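Q: With chain A fixed as given, assemble chain B onto it according to the hints.
For the protein sequence lines, the chains are A and B, in the order given.
Using numbering that gives the first Met the number 0, the letters of the first sequence correspond one by one to residues 0 to 292.
Using numbering that gives the first Met the number 0, the letters of the second sequence correspond one by one to residues 0 to 356.
Hints listed in this document are in silico derivations from the structure and should not be mistaken for laboratory results.
All of these numbers come straight from a predicted model, not from anything done at the bench.
For every residue, glycine included, the Cβ atom is placed at its ideal position computed from N, Cα and C.
Among the clues, some could well be false.
Covered, in the sense of this in silico footprint (three residues per stretch, anywhere, with C-beta under 8 Å from a C-beta of chain B), are these stretches of chain A [as the list claims (entries may be wrong)]: (1) 92 to 101; (2) 106 to 114; (3) 216 to 224; (4) 239 to 247; (5) 270 to 278.
Residues of chain B placed beyond 10 Å of chain A at every Cβ, according to the derived structure [said to hold, decoys possible]: (6) 12; (7) 145; (8) 198; (9) 199; (10) 241.
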Amino acid sequence: MQLIQLIIDGVASGCIYGLVALGFVLIYKATETINFAQGDILMLGAFVAFSLIGVLGLNYILGFVLTVMIIAVFGFFLDAVVVRQIIGQPAFATVMLTIGLGFIFRGFASIYWGTDIFSFSTPFSGKITEVGGLIISYVNISIIVGTTLLMGILFAFFSFTKIGVAMRASSENQLAAYYMGIPVKFIFSLIWSISAGVAAIAGVLLAPITLVDTSISLIGLKAFAAAVLGGFGSIPGAIVGGIIIGIVEQLCGTYENYLFEGIREISAYLVLILTLIIYPRGLFSDKAEVKKV
Amino acid sequence: MRFIFKTNYAQDINMARHGGDRFWYGCLILLMLAMPLLIDDFYLGEISYICILAIAGIGLMILTGYTGLASLGHAAFLGVGAYTQAFLLTHGVPFYLSIPIVIVVSFLVGAAIGIPILRLTGMYLAIATLALCFIAEHVFIRWEHFTGGNRGMPVPQPEMLGLSFYDSATFYYFCLFFLIASMLVAINILRSPTGRAFVAIRDSEIAAQSLGVNLGIYKALSFAISGAFTGLAGALLAHYIGYLAPDIFNIFLSLTLLLLIVVGGMGSLHGTIFGAIFVGFLPQLIAICRDYLPSYIGSQPGLEPMLFGLILVLFILYEPLGIYGRWMKIKLFFELFPTYKKQTFKKQKVFTKTDRV
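The shape of chain A in the complex, shown without the other chains:
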């Protein structure tokens, strides 16, 4: 029974990792850059939600939607103004650029909102339900349901809308997409905006659990583990990887005494290293289908 309880908690926190990892994957698939500032965008999302819901007193749903829109627009201009300039430079330049951007966001947040820990009330906080002896909090339900809905929406978007198909095409082959008349630059900025929006959703869903402060940007680093485990470049892989990381973390935390002290905090990084050493392709990689040049 305890095991199932742990797994449910793990799935909930894993969904958050998965959502952040999804942001990495979307950007990586399209532009082959990794956005090391993804966790910081999540943090900005949580702070903006705090400002709208906690300070201005907006309705939760309205605040949620507004937050996601603000961060998505922010993500669009982040690509259009800053990141696009270094396309074509070595991978190292993008790594450093996004790390630098992450520092700027974190510094900005701690100057503008301060270093205190904030919380805002959501319709889910503090409520729990019992199903057959299992205690499930509404927050966890909201995270799991939210992630499932979002996955459905994204799946529909990429499969059935014209712009979604254009995004897949530009990810597949930039040059061919140009020839087909797809505005590739605009599409890439749009992908950045979706990815930032997904991070903001994760931030707002996460806020009731971890509260809001600048340290939540570290989730971005754990989400790397999720993305790598799922095989960088696979959208379902990101979510599954995230859920596995979440469950592993919960289990390590509970059975810490049998392993060694403090394994919980580094379990995600251990999984990351082990994946890279043993099976760097990841679980859901599509690399096998790409032919070797």
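A: Below, chain B alone, put in the same frame as chain A:
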């Protein structure tokens, strides 16, 4: 403009290209030797710190600037060096033995880390080293027998030949000695076949491989050499701070080292010195700037990381070659005076090369 007419092989082997080099570097060394007479103890300490940063920078430069492998985990090597040094000195190993042991240990740790992750390239390597940095920090906290855990660990200051590290001039000379020695070793490694292989790997793995460079061995070797330099810097850093705590060796320190090589100029040993001076004086610079800013911004703790990130972003976007690159441009401008062309250093646009082959 100076044209060097080479008449024998000794000129190629000689480190100084011409008399001017010899004169100016000689002046620089004399100035550095006279430094304790010129400035007070506080700034002497700062300059020692800059020397230590420069040694660590040489290590990271060999790995990132010359072999093209990005590492976000070099704070871990600094930590390994620092803790090994403190551990050895606490257990009575003399200083002149402990430094070689530290170098060997860091070399082996570098090789041990390098071998499993050398299959990874580009982004994956950056992510893996990032994870290693966190794991190492955690090991420093939990391995209490060796590191003293969160309580920290005092570093004994060695005394030999009647000299003590408590005297800041002595410590400064030690740092300077190790910096010059590391520089000479690094220059010679980089112009040996090993160093040429590193550069070949950076520029094109496929081309390097087809010329007979064993990618695995040379990447691991680059990691190990880089680890050895950084470990040496760590040992000196241990003496500089005097009391080790695990949270010194965090991700922020790794990023400081990366900032150092990016600002200094990727792929140049001069750059490590420029970068170290920049990074070493940055906190002072920020402290001075704070006084001129309105107090509600100036007193914020978040200002430092923000400026840190801003400088990094601006350099990456507008001067990817760093301070050394800028210096080269200025020099070339005067050498070619009326005929300098801006296009000489124009960034070449390339199509995104795919990692997914």
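Q: Each of the hints needs a verdict: does it hold here or not?
A: Hints, verified against the model:
With 8 residues having a beta carbon nearer than 8 Å to a beta carbon of chain B, the stretch 92 to 101 of chain A meets the requirement of three or more and the stated coverage holds. With 6 residues carrying a beta carbon less than 8 Å from a beta carbon of chain B, the stretch 106 to 114 of chain A meets the three-residue requirement, and the given coverage holds. Given a C-beta distance limit of less than 8 Å, the hint that chain B covers the stretch 216 to 224 of chain A holds, as 3 residues qualify and 3 suffice. Counting residues of the stretch 239 to 247 of chain A whose beta-carbon sits less than 8 Å from any beta-carbon of chain B gives 0, not enough to reach three: the coverage restraint is violated.
Using a Cβ-Cβ cut-off of 8 Å, 4 residues of the stretch 270 to 278 of chain A lie near chain B, which meets the minimum of three, so the contact claim holds. Separation of residue 12 of chain B from chain A is adequate, the least Cβ-Cβ distance of about 32 Å exceeding the 10 Å criterion. Taking the minimum C-beta to C-beta distance to chain A, about 15 Å, the non-interface status of residue 145 of chain B holds against the 10 Å cut. No Cβ of chain A approaches the Cβ of residue 198 of chain B within 10 Å, the least distance being about 14 Å, so the stated non-interface status holds.
Non-interface call for residue 199 of chain B relative to chain A: holds, since the shortest CB-CB distance, roughly 16 Å, exceeds 10 Å. In this structure residue 241 of chain B is separated from chain A by more than 10 Å, as the shortest Cβ-Cβ distance comes to about 27 Å.
When each numbered hint is compared with the structure, a violation occurs for hint 4 only.
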